[in-house]
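Using the hints, position chains B and C against chain A.
Chains as they are written, first to last, in this note's numbering: chain A, 1 to 174; chain B, 1001 to 1466; chain C, 2001 to 2314.
Everything labelled a hint here was simulated from the structure, so no lab data went into it. Take these hints with a grain of salt, some might be off.
Said to hold, decoys possible - Once the Cα atoms are required to be at most 20 Å apart in a straight line, the calculated PhoX-like pairs of lysine-lysine come out as: (1) B:Lys1373 with C:Lys2099; (2) C:Lys2185 with A:Lys96; (3) A:Lys134 with C:Lys2099; (4) A:Lys96 with A:Lys118; (5) C:Lys2066 with A:Lys160; (6) A:Lys118 with C:Lys2210.
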Amino acid sequence: MHTVTITICGIMLTVLAVFTPVSHAENVPDKISIESLQDLYAPVAFGHAQHITREKDCAVCHHHTNGAPASEERCIRCHKGGHEVKSMGCKSCHEKDPFSADVVNDRFRKNKSFHLDKPGLKASYHLSCVGCHKKKGGPVACTDCHALTSSGDAFYRTGKFAPDPAKAGKTGHH
Amino acid sequence: MKQFAQKGQVDSHYKDSDKKQWTLMEKLFLGLTPQQYIAQALLNPVNWVLAVIFAIGLPIIAGRFFFGLNWVTHSSNDYPWGLFLGFGLFCMVPLSSSGFQLGTACEIFGRHDLEPIERIGLLNGLLGYLFAVIYLLVDLGQPWRLPYPMAVAFGPASVLFLVAWHVATYLSVQVAEVSASFFEWIGWPLGKQGVRKMTLGLTVAGIILSTLHQGALGALFTYAPGKVHPLWYSSSFQWLHFFVSSLPGGLCMVIAVSTIARKTMAWRCDDRLKNNLDKLTISLAKGASMGLATYFTIKMIGVAHSNNWVYLATGWGAWFIFEIAAGVILPLLIFMYAIPRNNAAMVRVGAFITVFGVVLNRMNTAMICFNWKLPYREIPHWREAIIAITIFAIYIVVYRFILYRLPILYKWKEEPVFEAVAVPSRSGMAVAYKEAIAPVASYSVAVEESYTATGLSSDESGRRGL
Amino acid sequence: MSGISRRKFLCATVVGGAMTTLGSICGKGGKAWASGSFEGYPDGMGVLVDLTRCIGCRTCEAACNKEQKLPEPDRPFSDQSVFNTKRRTDEGHYTVVNKYDSEQGPVYRKMQCNHCNEPACLTSCFVNAYTKTKEGAVVYNGNVCVGCRTCMVACPFNIPAYSYSSATNPLIKKCIFCHETRLKKGLPPACVDACPQGVLTFGHREDLIKLGHERIRNNPGTYVDHLYGEKEVGGTSWLYLSGKPFEQVGFDTTLGNEPIISNVKDFLGFVPMVLAIWPALFTGVHLLATKGKDHGSDHGEDTPVQNEKEGPRS
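Next up, chain A with everything else stripped away, as it sits in the complex (with noise of 0.2 Å):
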């Protein structure tokens, strides 16, 4: 039964995971179908060239993974230089399943403190994106980036699996 909600879950988590190991800059794609996720939502048609010309800095999104400096003051404690690594994608570093019982057990206690908080894949896309979305006034809302696939329908118990109106208020009061 829980394999059920773990696809749910899946789909989400699945949507973030497709970034192309890309170091170089002429491997620098202007389109990224972000799709791992895809169960609920469709995948994410990346605009990646539209965003490089925005931002300018790829640091903004690929924090210290790029050989550029690390951005964050904690991080610059001991990332002084930064450093390169072979891929830039999320999901090299941020676990799909970031609370399976191995995550949890291996990362916490380990006690790294600084890397005690490091999110799951799903959440470092919506952190990063949404995050960054709201402060720059970029969409927000959950179907602006992605559209809700029919099991997402089911799901969320909209469109053609919305409530009957006529039935509700059937149950729980306050």
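Okay, now just chains B and C, sitting in the frame of chain A:
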């Protein structure tokens, strides 16, 4: 009213005219024929009011069990306890503390002058508890599981666990106490003797159980420190507030009930009660005024202890002041005025107000001032109110049914012939008993026994002369 | 009148006391463990809720509905109009998100059972229907529940709801941390899994407390310097960070740090005292009150007007 006067013929096993015994049916019909009984019942307007209440209320009670609590209450998750517990349980129980108080006064403190009213006190206690449990049964989601805390699953860390066990035990104690009058009425002296032997044990058990569960009902609210308004809440004293206020509550309920009984069923009261009632009422009121004064003091200590004076300036404070002024200080003043003047009528007014005051306090704690931080008050569903009224009407009917029949308001007359036979054997029993324990008993016990034996025989001979 | 001697009275008193004890012995025995300060099971899990991250998408509500097989909602989970009123948990919703307006924009607050270290529902239940599992969940056994709803009165967070709509098997309905289907298997609850915004962090409660304070320290000015649930009513498995004062976003900040059971201790401590003292006290009073009188056969000076012997009891 002439038909009423006919009732009350049954006050012994034997019809006055001849030596024929009343049959059980005749006892049930108060010595009337069924036709006469129904005729007089139809003449009583109270019965018509009750009939209307039952006609509406009983189907709704049945509906509650078919359609669920959803159908009769607002099924509120914020106010899980409505009228059934707020009124039914939390008000009926303190008003029923009369049983243990009169038992204590008569049996422990030796106040035998109170005996004409003792049985009303005991019956009032029994019925109050019984109907508190009936209200509870209507309110419980799964009433058929009520015995679970006794048999299936134990939650000993819970105050309610204590209440459940104590109310159950105390109900049995009260059934035993009241059964003495039932055994007299039904004509089973052995049963009565058995109960008599247990009287003191039952009475002491009653004190313990009452202290604890009257207090426990208050302690239940200490689970909700943030929900009960601070003026009605005291972590340290909540149980004391409930226990102490139950004392005047129970005594005044007896005054109220005896007043109503004296007015509406005078035919059933014997001279012993009629001639003593004013005096007894004032005696009870003395006790009640002590209780009220103590209650007022500890209420103030409660407010001072938590330093809640600031709340007095709010709307809640005004309501609190009304409760204390109208429900505690006013009856206290009435008692202080009326008792020295032997004004029983005024004392009765004070008693009714005290009952109102206790009810108001419990309703405030459980419902009106509960969830004071929430923006809305829960107004009970109309069906909930009707069920509460209907159960109270059943309470009145059962109360009246018993008062009409059992020797509560009057004294059962033993039959002279029977007594003559009984005397030697009973004295003999007492003497035999004395002999049996004499070797191991202390001097005083032996002396007491002989007193008792003498007392018995002189008593019996006196009665034989009647 | 039947000549009950003092000796018999003493016996009767003991019997009476024993009867009472029958009903209370478990009471005083069992209560002890509930008091004191229980810090939670060492390996107990918890969830850290960061209100600053929540965008009110209600995905957690949808996930809960699906995982717990709750009834169909009145409105779609994507419907934002539910935020027009403040909702609470009920039989169809084990978790709800409410919206609080502030000058800096809306703040959303998810509520569900906080899974207290010393749950008031558990300690108030007279059939022991609740259990605090070693994983940290407060779970409920519907097979023994009588339906008194004291747990609903006792819960300081107003979480347990009742399925009033059922006539034959009404039960308490509340979040159980997905204990049966997920937590027991080492999985996070469905809402945590579903949350896109990283509002919910699942982990060992001890670690989450560290993490919460870490986050406050690392993000100066972002958070109120308080981890709600770390100490409230004895500590809860669910912990909250907020950018707004907690009382402005629907939290009760007046609950104090003592577990609810501490309020009841005064009374519970009194119970064995009554059991021990009352029988002796009232026996003594009885002996004093009836000194020189033969209790039961002599009525003293206050005998009622009738000189007829009083018989019914005593």
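These are the hints, each one checked on the structure:
no., hint, in the structure
1, B:Lys1373 with C:Lys2099, "holds, 19 Å"
2, C:Lys2185 with A:Lys96, "holds, 18 Å"
3, A:Lys134 with C:Lys2099, "holds, 17 Å"
4, A:Lys96 with A:Lys118, "holds, 12 Å"
5, C:Lys2066 with A:Lys160, "holds, 17 Å"
6, A:Lys118 with C:Lys2210, "holds, 14 Å"
Taken one by one, the earlier hints all hold for this structure without exception.
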